[in-house]
Amino acid sequence: MPKSSTPTRLAVRKTYKLYVGGKFPRSESGRTYLVDGDNVALASRKDARDAVVAARAAQPKWAGATAYNRGQVLYRIAEMVEARRAEFKALGVSGAEVDAVTDRWVWYAGWSDKIAQVAGNANPVAGPFFNISAPEPTGVVGVVAPPSLLGLVSVIAPAVVTGNTVVVVASNPQAAITLAEVLATSDVPGGVVNILTGSGAEIAPWLASHDDVNALDLAGIEDADLATELERAAAGTLKRVLRPVSGVDYTEDPGTGAMTALLEIKTVWHPKGF
Amino acid sequence: MTATATSRLSGRPDSPADLRTFLHGLPGVDKVGIEARAAALGTRSVKTSSKAQAIDLAIRMVDLTTLEGADTPGKVRALSAKALRPDPADPTCPPVAAVCVYPAMVPTAAAVLAGSGVHLASVATAFPSGQAPLEVKLADTRDAVAGGADEIDMVISRGAFLAGDYAKVFDEIVAVKEASGPAHLKVILETGELGTYDNVRRASWLAMLAGADFIKTSTGKVPVAATPPVTLLMLEAVRDFRERYGRQVGVKPAGGIRTTKDAIKYLVMINETVGDDWLSPDWFRFGASSLLNDLLMQRTKLTTGHYAGPDYFTLD
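Keeping their order, the protein sequence lines are chains A and B.
Here the first sequence stands for residues 1 to 274, numbered as in UniProt numbering.
Here the second sequence stands for residues 1 to 316, numbered as in UniProt numbering.
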């Protein structure tokens, strides 16, 4: 009788899917593409449409959460990034970059309950009024993310910390979806961050012309003509557009500019002295 | 049995026992079968120019409804204006079929809709529960018709129906039909409260035998409203009824239909079950309020080529 051989264990192969509304669906189109031997969902315009619906549904509640609560959630993201250090490393993200990513989440977490003091003001006016300017989130933001993980976090974090929700087109799919797995286990409400993997050139025009998207961050667009086209499409609904800047060093101190770019200032006149 | 049922068409049932025998003689509904059939009909893909036509037809079939305690004359006027011109930015957008309001709001809506071709429906007969004496229900109906409503949406007494008192339900429908005079009578079965598909089939036949011009699924006031299987069942009932008695009755699913995708599924269902004859606002209606905005957004997507957002359409 032949000796039974030890069975070889089969590898568990992973398909990187989209992250929409807190779930990980395949692309509605059924399309996938190969990245370093991994199957990755290739998002279509209809996935972008669904993601905008999810982002819009999540926005009022996320903006209505206390700044303290949003800060806690962002800090929790930093904790969970730490826990997945090995996984990011296996995807080619250096230890130094994971450190920077964690630090970036912590840094923005701290800003959640301070940005209003910096971007808002009690204005002195000539009259019997309290005059107060307060920053409010712009709403649903379409983002074409830069390729690095740190770049991706550096465009998502400043948008969501103030109460915006985002639809992100990511070009480094495995790291982006691993980040999505971090977000899904960090108490980030479903729909606050939606990540689509695929071609920015294919999906961004649909986000740019979408009536229900309030702002567009083109950080990851390298083709200047495409950026101009997108800005033109966005003009139809008077979207706030952040133009791509070449040669950004994401390891530098980001400053508050990325947050204030996606805030609207509301000024209230309140009568006093009656 | 055919003879007694036919005599019922033109008047009262010969006896309560006959009516019961007839309704309980209807074949039972295959629950698994009808749900599978309705689900299968919901998988069709309707695209581009067919979708554009389907959307316009669905808009023409909408009964734009507001049935809230908080309805004000201002809101009803605004809703009526929207019924005439659903998309003010696009004159090619057709008007809806009707506006549906409470009787107290009928004169307000009538002033806006007069002469426009858009019908004015009013719920009546102690909507939504139907738990009131017959005289109250009839007065409610007459008021609505006198105010200018040309369609009456009545509710059946589910309590009486479930207790097996079919004759009472039948007599009420006949009485309300008489009270509504020239107005079209839609009979709301409130299928969510009937419990079983068999009851829905019986209630459909009962309403049609009593003289209903339309049978309608729900009031929209209970958790379970229009569902595809129930609507399919009612479409089969009107088809079989016409085959038997030669009179065509309309169908109106109401409540819970919110998206264009859902609306198109119903259109597919009509086409596959009863055919072209019912693919018209005269024979099929959607009772809905939020559906219209979704239809308009999808229509805008097709005409402009980019996705539309709710910020660009009215709230009610």
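If you're looking for bench data, these hints aren't it; they were derived computationally from the structure.
Ideal Cβ positions, reconstructed from N, Cα and C, are used throughout, including at glycine.
Treat each hint with caution, since some may be false.
Unchecked claim - The calculated lysine-lysine pairs, modelled on DSS-like cross-linking and capped at a C-alpha distance of 27 Å, are: (1) B:K261 <-> A:K23; (2) A:K46 <-> B:K47; (3) B:K221 <-> B:K51.
Said to hold, decoys possible - Label-pair restraints from in silico Cβ distances: (4) A:H270 <-> B:A81: 30 to 38 Å; (5) A:R232 <-> B:G115: 32 to 40 Å; (6) B:S280 <-> A:H270: 54 to 62 Å; (7) A:E136 <-> B:A104: 51 to 59 Å; (8) A:P60 <-> B:G33: 37 to 45 Å; (9) A:T185 <-> B:L302: 37 to 45 Å; (10) A:K14 <-> B:P27: 35 to 43 Å; (11) B:P88 <-> A:E136: 25 to 33 Å; (12) B:L302 <-> A:V12: 42 to 50 Å.
Hints and how they fare:
As the CA atoms of K261 of chain B and K23 of chain A are separated by approximately 22 Å, the hinted pair is consistent with the 27 Å bound. Distance hint between K46 of chain A and K47 of chain B is fulfilled; the C-alpha atoms sit about 14 Å from each other, no more than 27 Å. The suggested pairing of K221 of chain B with K51 of chain B is violated, with an alpha-carbon distance near 30 Å, which exceeds 27 Å. Remark: the range hint 30 to 38 Å for H270 of chain A to A81 of chain B is upheld by a beta-carbon distance near 36 Å.
Taking the beta carbon of each, R232 of chain A and G115 of chain B are about 45 Å apart, not inside 32 to 40 Å as hinted. For the pair S280 of chain B and H270 of chain A, the supplied restraint of 54 to 62 Å holds, since their beta-carbon distance comes to about 57 Å. For the pair E136 of chain A and A104 of chain B, the beta carbons lie near 40 Å from each other, so the given range of 51 to 59 Å is not met. Hint check: P60 of chain A to G33 of chain B, Cβ distance near 43 Å, so the stated range 37 to 45 Å holds.
Taking the beta carbon of each, T185 of chain A and L302 of chain B are about 40 Å apart, inside 37 to 45 Å as hinted. The hint said 35 to 43 Å for the Cβ distance between K14 of chain A and P27 of chain B, and at roughly 52 Å that hint is violated. Here the CB-CB span from P88 of chain B to E136 of chain A is close to 29 Å, well matched to the stated 25 to 33 Å. For L302 of chain B and V12 of chain A, the Cβ-Cβ distance of about 43 Å falls inside the hinted range of 42 to 50 Å, so the restraint holds.
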